[in-house]
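Peer 1: Use the sequences and the hints to build the structure in full.
2 protein chains.
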Amino acid sequence: MRTLLRMRTLSDVGEFGLIARIERLARNQHAPQLVLGIGDDAAVLRPRAGEDLVVSTDSLVEDVHFRWRTQSPATVGRRGLLVNLSDLAAMGARPLGCTVAWAAPPQLELRRFDSLIRGLLATASEFACPLVGGNLSKARETSIAVTVFGAVKAGRALRRHVVRAGERIFVTGSLGGASLALARAERRGGRLRRLPIPRLRAGRALAALPRPGACIDISDGFGADLEHLLEGSGLGAEIELQKVPRPRGFTAACASLGLDPDRLCLTGGEDYELLFTLGSDAGCRLSEVALSRRLRLPVSEVGRICRRPGVRGLPLKRGWRHY
Amino acid sequence: MRTLLRMRTLSDVGEFGLIARIERLARNQHAPQLVLGIGDDAAVLRPRAGEDLVVSTDSLVEDVHFRWRTQSPATVGRRGLLVNLSDLAAMGARPLGCTVAWAAPPQLELRRFDSLIRGLLATASEFACPLVGGNLSKARETSIAVTVFGAVKAGRALRRHVVRAGERIFVTGSLGGASLALARAERRGGRLRRLPIPRLRAGRALAALPRPGACIDISDGFGADLEHLLEGSGLGAEIELQKVPRPRGFTAACASLGLDPDRLCLTGGEDYELLFTLGSDAGCRLSEVALSRRLRLPVSEVGRICRRPGVRGLPLKRGWRHY
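Quick mapping for you: the protein sequence lines, in order, are chains Y and B. Take 734 as the starting number for the first sequence in the working numbering and just add one per residue. Take 734 as the starting number for the second sequence in the working numbering and just add one per residue.
Honestly, the hints are just simulated from the structure, not real lab data. No experiment lies behind these values; they were computed from the predicted model shown. Hints are not guaranteed to be accurate.
Treat identical chains as interchangeable: a pair holds within one or across any two.
[As the list claims (entries may be wrong)] Heads up, simulated SDA-like pairs for lysine to any residue below, C-alpha to C-alpha not over 25 Å straight-line:
#  : residue 1 : residue 2
1  : 871       : 914
2  : 871       : 927
3  : 871       : 926
4  : 871       : 802
5  : 871       : 919
6  : 976       : 1021
7  : 976       : 1025
8  : 871       : 928
9  : 976       : 1026
10 : 871       : 915
11 : 886       : 763
12 : 871       : 918
13 : 871       : 916
14 : 871       : 801
15 : 871       : 960
16 : 886       : 772
17 : 871       : 803
18 : 871       : 808
19 : 976       : 1020
20 : 976       : 938
21 : 871       : 805
22 : 976       : 942
23 : 886       : 1012
24 : 871       : 929
25 : 886       : 1027
Peer 2: What follows is the structure in C-alpha cells.
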C-alpha cells in the first residue's frame, strides 16, 4: 500500500532506469547534424566543413539559481538550456546539440525529474539543439550543468574582447524585464513563468556583417557585462542612460512594487539580450532601424566606446556575483 | 589578524576572481585545434574537415564519487577529466578540448580550488585536451561536471550496440586493480593515488581496423558493462572466467585483505579498460598477440557473443549504481 500512497522518487527507479527514461523521452529528436545520440559512451555530431565548433557550459543549482517554490521543474529544464543557447547567440553560432550533467538527491520526486527533462527537451526541439548525452549523479541538492555545442563559419565567431575606441554600443530588445518578473513572483508568491529568449538569429546576423565588433549576452546585468566587454582593453564607455531600452510600462510597474527602475534595468541581469559594438567603417554605418531590420529585433544605440577608462553615465554598476 | 590565521576560502576571492585564477592557470595551453579558450561567452575549437564531433559528460560529486579524506584535490581534478577521456577512447576519438561546470560551498579552501584546477589542467596538457571554458556556482557540496569534445573520421566512431553473434570478446589491460587500490586506501586510511589511464591510442587503433566491432569502456564493472554492450541486441555472451585478465599478484593481495578476487575483478568498476568485440571476417581475424601489438597494450580474448540471451560463465554480475 505504501508505494501507492507516496510519490515515486529517483531511488525507486535507479540510475539505469532514469537513463532509460531520458532515452525514451529523447527518442524523437531529429536534427541533420545528429549522428549518434544518448546511450553510448559519447555522442556523435557532424557539423559542416569550414566551420568552427563553439562550446559553452552553464549550471542551475537548487537554492542558488532556482527554488522549487518559484519555478516549475519544466521551467528549470528549459532555462538550463536557454541560458546556454544565449551564449551561442553571443558568439553568432547555430546550435548543434547539448549534454546535461544532472545531480539530485535520491528522494527527489520522479515527476519533477520527468518534467525537468521534458522542459529541456522541449527547448532542445524548439531550437534544433538535440540532447545527445549526459550524466546522472546523487547529490545533496538538485542541479543541472548543461553544455551546448554550436557551429560558426571558420574564423567568424563573435568575441567579447575586441572593442575599439569610437565604436558605437548597442543593445537588443529591452532590459529589466527579467528582474521585474522575478520581483513580482517573489512578492506574490507565484511561480516565475518568464523565460529568456536566446537571440540566436540576431547573433548570426551580426556575425554575418562585414566587420562585426564585440558581442556579449547580458546575463550579469548591463553594467557588469559592459565591464566584461571592456576588460583588458584599457578603454572606457560613455552611456546615455535614457537610451538604455526598457520594457513598455516598466517605470510604472517598478513604482507599484517600490523598486528603482534604473537599478533593475542596469544591474538586474538575466535578460539575455545582446550587448554589442559596431565600428564606423563602411558596412558598419548602420542606423538603429537598419540594424533592427537585419537582426529582426528592436536594437537601441546606447553609447560609445572611448579612450578614457571606466564607464560613465550609469548611476550604479554591480551585477550578480557568486561567492 | 584573522585573515592571516585562517585559510582563504572561495568567498574571499569571489566568482570573477576565481575565473581570473582559472584563466591565469590555463593561459599556457597550446593545441592546434584551440582557436578561442576561456574568457568569452563560449570557446572555439576547429576540428579537421570530414570528421565527426564526439562529446561526453561525466561528473564527480563530493561524498558520492570522492571524499576529501581519501583523494587529494589534484587527483579529483585529474580524475574528472580522465574518466571523460576514457569515453572518447571507447569511441575511437582524439581529444579536442573540455569544459568544466564546477560547484562548491563558499567555505571551500582556496588551495583546494587551485589544486583541483591544476590537476585538471595537468591532465588536459598531458592529453592535448585544453580546458576551454566552464562555469562556477555555489552549492552545498563540491562537484565537477566535465564535458569533453573529440573528433573521429566521419562515420568511424566505435559504438556500443553493434554486437553480432559469433564475435570474439576482448579486454585491454587488466581488471580489478582500481577496486583493490580503493579497498587498500580505505583500510589503511591513506589517500588514493591510482588514476585511470584512458586507452585513447588503443581506441583509435580499433577505430582504424577495417571492420571494428562494438566497444565500451569499463566504468561500471566488467559484468555490468558487458550487459550494456548486449542491451537491446537480444544476444548473449559466454565468458571464460579464468581468461578475464587480472593484475599481477592480484589474488594474493585480495587474500591478504580478505576480499573475493572474482567479485573485485568482475564488479569493481573504475578500471577504464576497453571491452570490445571483433568479427571473424578477414581483417578482424587477429590473434591476441597481433591485437596487443596494434593497440600497444596487452589484450585478452575473454569469450564470445552468442545467440542465447544472458551472460554465462560469471559467478556474479552487479556493478556500481547510483540512486
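Peer 1: Hint by hint, say whether it matches the structure.
Peer 2: Checked hints:
Within a single copy, residue 871 and residue 914 get their C-alpha atoms only as close as 32 Å, which misses the 25 Å cut-off; across copies the closest is 23 Å, which meets it. Taking the closest pair of Cα atoms, residue 871 and residue 927 come within 25 Å of each other only across two copies (23 Å); inside a single copy the shortest separation is 29 Å, beyond that limit. Taking CA atoms no more than 25 Å apart as the test, residue 871 paired with residue 926 passes between copies only; the shortest distance there is 24 Å, against 28 Å inside one copy. In the homo-oligomer, the alpha carbons of residue 871 and residue 802 lie at most 25 Å apart both inside one protomer (21 Å) and across protomers (19 Å), since each shortest distance falls under that limit.
Taking the shortest Cα distances, residue 871 and residue 919 sit within 25 Å of each other only across copies (21 Å), while inside one copy they are farther apart (29 Å). Taking CA atoms no more than 25 Å apart as the test, residue 976 paired with residue 1021 passes inside one copy only; the shortest distance there is 12 Å, against 72 Å between copies. In this homomeric assembly, residue 976 and residue 1025 come within 25 Å of each other (Cα to Cα) only inside a single copy, at 15 Å, whereas the closest approach across copies is 69 Å. Taking CA atoms no more than 25 Å apart as the test, residue 871 paired with residue 928 passes between copies only; the shortest distance there is 22 Å, against 27 Å inside one copy.
In the homo-oligomer, the alpha carbons of residue 976 and residue 1026 lie at most 25 Å apart inside one protomer (19 Å), although the nearest pairing across protomers, at 69 Å, exceeds that limit. Only between protomers do residue 871 and residue 915 lie at most 25 Å apart by alpha-carbon distance; the minimum there is 20 Å, versus 29 Å within a single protomer. Taking identical chains as interchangeable, the C-alpha atoms of residue 886 and residue 763 lie at most 25 Å apart whether they share a chain (23 Å) or sit on different chains (22 Å). Only between protomers do residue 871 and residue 918 lie at most 25 Å apart by alpha-carbon distance; the minimum there is 23 Å, versus 30 Å within a single protomer.
Only between protomers do residue 871 and residue 916 lie at most 25 Å apart by alpha-carbon distance; the minimum there is 22 Å, versus 32 Å within a single protomer. For the homomeric pair residue 871 and residue 801, the shortest alpha-carbon distances inside one copy (18 Å) and between copies (17 Å) are both at most 25 Å. Proximity of residue 871 to residue 960 under the C-alpha cut-off of 25 Å is restricted to the inter-copy arrangement: shortest distance 23 Å between copies versus 37 Å within a copy. Within a single copy, residue 886 and residue 772 get their C-alpha atoms only as close as 30 Å, which misses the 25 Å cut-off; across copies the closest is 20 Å, which meets it.
When the C-alpha separation of residue 871 and residue 803 is checked against a cutoff of 25 Å, the pair qualifies both within a copy, at 23 Å, and between copies, at 19 Å. In this assembly of identical chains, residue 871 and residue 808 lie within 25 Å of each other by CA distance both inside one copy and across copies; the values are 21 Å within and 20 Å between. With identical chains, the CA atoms of residue 976 and residue 1020 are at most 25 Å apart within one copy only, with a shortest distance of 14 Å there and 74 Å across copies. In this assembly of identical chains, the alpha carbons of residue 976 and residue 938 lie at most 25 Å apart only when taken from the same copy (23 Å versus 60 Å across copies).
Taking the shortest Cα distances, residue 871 and residue 805 sit within 25 Å of each other both inside one copy (21 Å) and across copies (21 Å). Proximity of residue 976 and residue 942 under a CA criterion of 25 Å is satisfied intra-copy only: 24 Å inside one chain copy versus 63 Å between copies. For the homomeric pair residue 886 and residue 1012, the shortest alpha-carbon distance inside one copy (21 Å) is at most 25 Å, but the shortest distance between copies (40 Å) is not. In the homo-oligomer, the alpha carbons of residue 871 and residue 929 lie at most 25 Å apart only across protomers (22 Å), although the nearest pairing inside one protomer, at 28 Å, exceeds that limit.
Taking the closest pair of Cα atoms, residue 886 and residue 1027 come within 25 Å of each other only inside a single copy of the chain (18 Å); across copies the shortest separation is 37 Å, beyond that limit.
Of the hints listed earlier, there is not a single one the structure fails to meet.
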